[in-house]
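Can you make the complete structure from the sequences, with help from the hints?
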Amino acid sequence: MLTLISLALLLAGCGETDSSLNPSLNPSSSALPSAVAPAAAVPGEAYGEPLTLSESTSVTALLADIDRYDGQKVRVEGLVTEVCAKRGCWMSIAGDQPGQELRFKVEDGVITIPLAAKGRYAVAEGTCRKVELSAEDALAMRQHEAEEQGKPVDTTTPLPTFVVKLEGTGAVIRDRS
Amino acid sequence: MSGPSGSSWFRLNRNLHRDVGYLVCVLTVLYAISGIAVNHIHDWNPNYSIQTRAVALGPLDIADLDLTEARVVSALELEREQVRGRHLVSATQFKVFLDEGGEVAVDPATGQGTLTLVSKRPGLFQANALHLNRLKGVWTWVADLYALLLLYLAVGGIFMLKGKTGLLGRGKWLVAAGALVPVVFLVWS
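As given, the protein sequences belong to chains A and B, one line each in that order. Counting in this note's numbering, the final residue of the first sequence is number 230, and the numbers go up one at a time with none missing. Counting in this note's numbering, the final residue of the second sequence is number 1198, and the numbers go up one at a time with none missing.
Keep in mind that a hint or two might mislead.
Derived, one-sided and incomplete: chain B residues facing chain A with beta-carbon distance under 7 angstroms [unchecked claim]:
| no. | residue |
| --- | --- |
| 1 | I1050 |
| 2 | N1054 |
| 3 | T1061 |
| 4 | R1093 |
| 5 | G1094 |
| 6 | T1101 |
| 7 | F1106 |
| 8 | G1110 |
| 9 | D1116 |
| 10 | V1127 |
Below, simulated SDA-like cross-link-like pairs (lysine to any residue); rule was C-alpha separation at most 20 angstroms, straight line [said to hold, decoys possible]:
| no. | chain 1 | residue 1 | chain 2 | residue 2 |
| --- | --- | --- | --- | --- |
| 11 | A | K139 | B | L1139 |
| 12 | A | K204 | B | H1051 |
| 13 | B | K1145 | B | G1044 |
| 14 | A | K139 | B | A1046 |
| 15 | B | K1145 | A | P103 |
| 16 | B | K1129 | A | E200 |
| 17 | A | K139 | B | I1042 |
| 18 | B | K1145 | A | E160 |
| 19 | A | K204 | B | L1066 |
| 20 | A | K204 | B | I1059 |
| 21 | A | K139 | B | H1049 |
| 22 | B | K1129 | B | V1092 |
| 23 | A | K204 | B | K1129 |
| 24 | B | K1145 | A | C142 |
| 25 | A | K139 | A | M194 |
| 26 | A | K204 | B | T1119 |
| 27 | A | K139 | B | G1132 |
| 28 | A | K139 | B | D1052 |
| 29 | A | K204 | B | H1049 |
| 30 | A | K204 | B | L1097 |
| 31 | A | K204 | B | D1052 |
Computed spacing ranges between beta-carbons, pair by pair [said to hold, decoys possible]:
| no. | chain 1 | residue 1 | chain 2 | residue 2 | range |
| --- | --- | --- | --- | --- | --- |
| 32 | A | K204 | B | A1072 | 25 to 33 angstroms |
| 33 | A | D120 | B | G1030 | 57 to 65 angstroms |
| 34 | B | N1048 | A | K183 | 32 to 40 angstroms |
| 35 | A | T110 | B | R1130 | 35 to 43 angstroms |
| 36 | A | T208 | B | I1042 | 31 to 39 angstroms |
| 37 | A | D228 | B | S1198 | 42 to 50 angstroms |
| 38 | B | G1132 | A | K183 | 36 to 44 angstroms |
| 39 | B | R1130 | A | Q150 | 30 to 38 angstroms |
| 40 | A | E189 | B | L1076 | 39 to 47 angstroms |
Simulated from the structure, these hints should not be mistaken for lab results. All C-beta atoms in this analysis are idealised placements derived from N, C-alpha and C, irrespective of residue type, glycine included.
Spelled out as structure tokens, the structure:
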């Protein structure tokens, strides 16, 4: 019984969650560990690793010169226009112009982006990758996304010939204002 | 194991097994329900209920996106508080973002599109957050401790009884049968 009481106390002790240890436990917290880097002071809900870059590259600039950024670690920011509805494993970040979009992709289970991030503002960091797509791949991707989002397949916009992904390591999400 | 010390070991194991069982039963039920839900993620969304329906609003002027958004909100009789913002995704798609990840997506030229409403599945969303360790941080340690307790329940459980129903009796055949199931699937997959 003594063993059991010790176990119960240990559980109770662990249950006293210190959200300062992990900002994602306390989404309303804007306080990120300041020792990491000045860039980590971006206010909002933090997901994954703290941001390390202090300057953002605009999605528009990145998409205009993808070959230059391919393979580089970048920080971008913008409106979240889509989120993976089933696993929260990606989100799309819009550029300044219609049609501009960057896919922020994270490893399943490592970071989970909430569906409620859609329509909010993200500051995200990761490695930029340009992925060429065949017509079949592009169609399959679109069908998969439609199924994932529980929506009909979008037939109004042309199929992409490539996608630009940010292999995401961390993000901060906040309201637009 | 025999004699007083053997009996006392069996008694201690039984009592500990019983109390640890009480301790972890709620979390085990939550994890089991979440496990079934997440196993079938290809067939449904275990976290959110997503309702989509077609809408026809008529052609929309996109010269002033504030007005376009207001027109969509008014035409669909949406609550203003539900609206998060809007975005002209492309010349053929205008979106108004709603709470919880919902949205209206329409082609401005025709006003045809979809209204998607999203809500969290009560209970299941929270169970999945625990099971899939979306909380991270300290919960990871709690989950590790829980896993150790389950490990004890499994190993301690097979040594709870003696005799014909114990491990050395029919128990060994049932343990072997249980071990065979994953082995068969791994070999044949």
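query = Can you name, in rising order, the numbers of the hints this structure does not satisfy?
reply = No numbers; nothing is violated.
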